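Number of protein chains: 2
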Amino acid sequence: MPKPARKRGRPRAIERDAGLDIAARLFWERGYEGTSTADLTKAMGINPPTLYSMFGSKQELYRQALEFGIARESGRRMEILQSPLPVYDALRLYLYDIADGDTQPGKPRGCMVSTAVLQHAEENASVAQMTAALREASMQILKTRFDRAVEEGELPAQTDTDTLARFYGAIIQGMSAQACDGACNTRLKQLIDLALTAWPGKRGT
Amino acid sequence: MPKPARKRGRPRAIERDAGLDIAARLFWERGYEGTSTADLTKAMGINPPTLYSMFGSKQELYRQALEFGIARESGRRMEILQSPLPVYDALRLYLYDIADGDTQPGKPRGCMVSTAVLQHAEENASVAQMTAALREASMQILKTRFDRAVEEGELPAQTDTDTLARFYGAIIQGMSAQACDGACNTRLKQLIDLALTAWPGKRGT
DNA sequence: GGCATTAAATAGTGATCCCTATTAAATTAT
DNA sequence: ATAATTTAATAGGGATCACTATTTAATGCC
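Just so you know, the protein sequences line up as chains A and B, in that order.
Take 847 as the starting number for the first sequence in this note's numbering and just add one per residue.
Take 847 as the starting number for the second sequence in this note's numbering and just add one per residue.
Rather than coming from a laboratory, the hints here were simulated on the basis of the structure.
One or more hints might be untrue.
Copies of the same chain are indistinguishable here, so a pair counts whether it falls within one copy or spans any two.
Claimed, not checked - Below 27 Å or equal to it, Euclidean Cα-Cα: the simulated DSS-like pairs (lysine-lysine) are:
no., residue 1, residue 2
1, LYS1048, LYS989
2, LYS953, LYS888
3, LYS1048, LYS1035
4, LYS989, LYS1035
No experiment lies behind these values; they were computed from the predicted model shown.
Please model the complete structure; the sequences and the hints are all you need to start from.
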């Protein structure tokens, strides 16, 4: 019989996911260096030892908060990108979804990863490497999708899929920067529409 | 007779411009929040009171360092953009120059402005506003050049010059982010070349 | 040399940084 | 009730943060 599964011992003051949600939001808005552990404990309603026993360290909490925040979006975005649609349309919807993420009402502007920890103190180099790796991975996902499109004859065989992926990666990063600066959803999508005119074979050639 | 013009009183330990050069480099590499006043005084070889008497505050020093750093490039870039070349060629050379700036050997990666102070602590909101205003201004410069091209018949009358400017602004911001992550000069220029295929009227239509 | 001037260095300030040794509280099992 | 277990809170440590009141040094002019 599965009992209420209530472990013995003092109950947690906050669930792990609830803590990660709060941390993700703070790091997202203020960045890694701009968010203090005092900010985090205060927002979670806990004291420092609780934070450290739950998450280990500030850096480790950031890693987990990134993972948590990404997990919420990656499923939907993968579905969009790997859908049976033509690769061009899948890419367009994928970029639109990112633009929506950059401009959600009641949430921080921009992307949690695209423009995070670019310039940083030396002591935070390993944190910067985390976000850089995530950016690289997201461009690899695009490249892999484009490679498949080449294999399936949707793109010319000589297409430079790597540059194509890094180009749309740059658009994603630029959108995040402009969203941080206050750009609205419509503007970001105008940007996407223009960027899509660089797609191989569009507009003649 | 113009004497050596040596003022009386104790000579400065470091000239203002030399100090700004060092500050610009540090802020460029580590960002505003990642650079401490101790970093700055140590690199300049001075003590805190000297820094504060010369520059006022950390924020004020950042403002002056940005101004100093921008002044070194803006002249050349304006010449490129306002040259008698066709606007498309001027834009290409302009973007190439920025790519070169993002990947100078022996200098920090990326751009001092394009990806600076995007996420930040609340207390640094006014600093973020400074860099945001500089980004906005640089896109306005592009738009103004494109507007002129429309007037001179180089671009179709119905061209959305604002979106066009924000699109190449996004490319500039994306290049800076990717340069921070280690992208080389060649990669950035491949990106530019692809972005230029979105230029109105290129590749048919 | 002595004075006025200018800018430096000394030696800190209180606040905040990330983090922790220790103690107290809240729960289930006996 | 008592014990065992699990987690939270108290209280503070050492380092660093941006910044400054005060004193000292280095120059040109007389």
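Verification of the supplied hints:
no.	hint	result
1	LYS1048 / LYS989	both (19 Å within a copy, 24 Å between copies)
2	LYS953 / LYS888	within (19 Å within a copy, 39 Å between copies)
3	LYS1048 / LYS1035	both (18 Å within a copy, 21 Å between copies)
4	LYS989 / LYS1035	both (21 Å within a copy, 18 Å between copies)
Every hint, counting from the list given before, is met by this structure.
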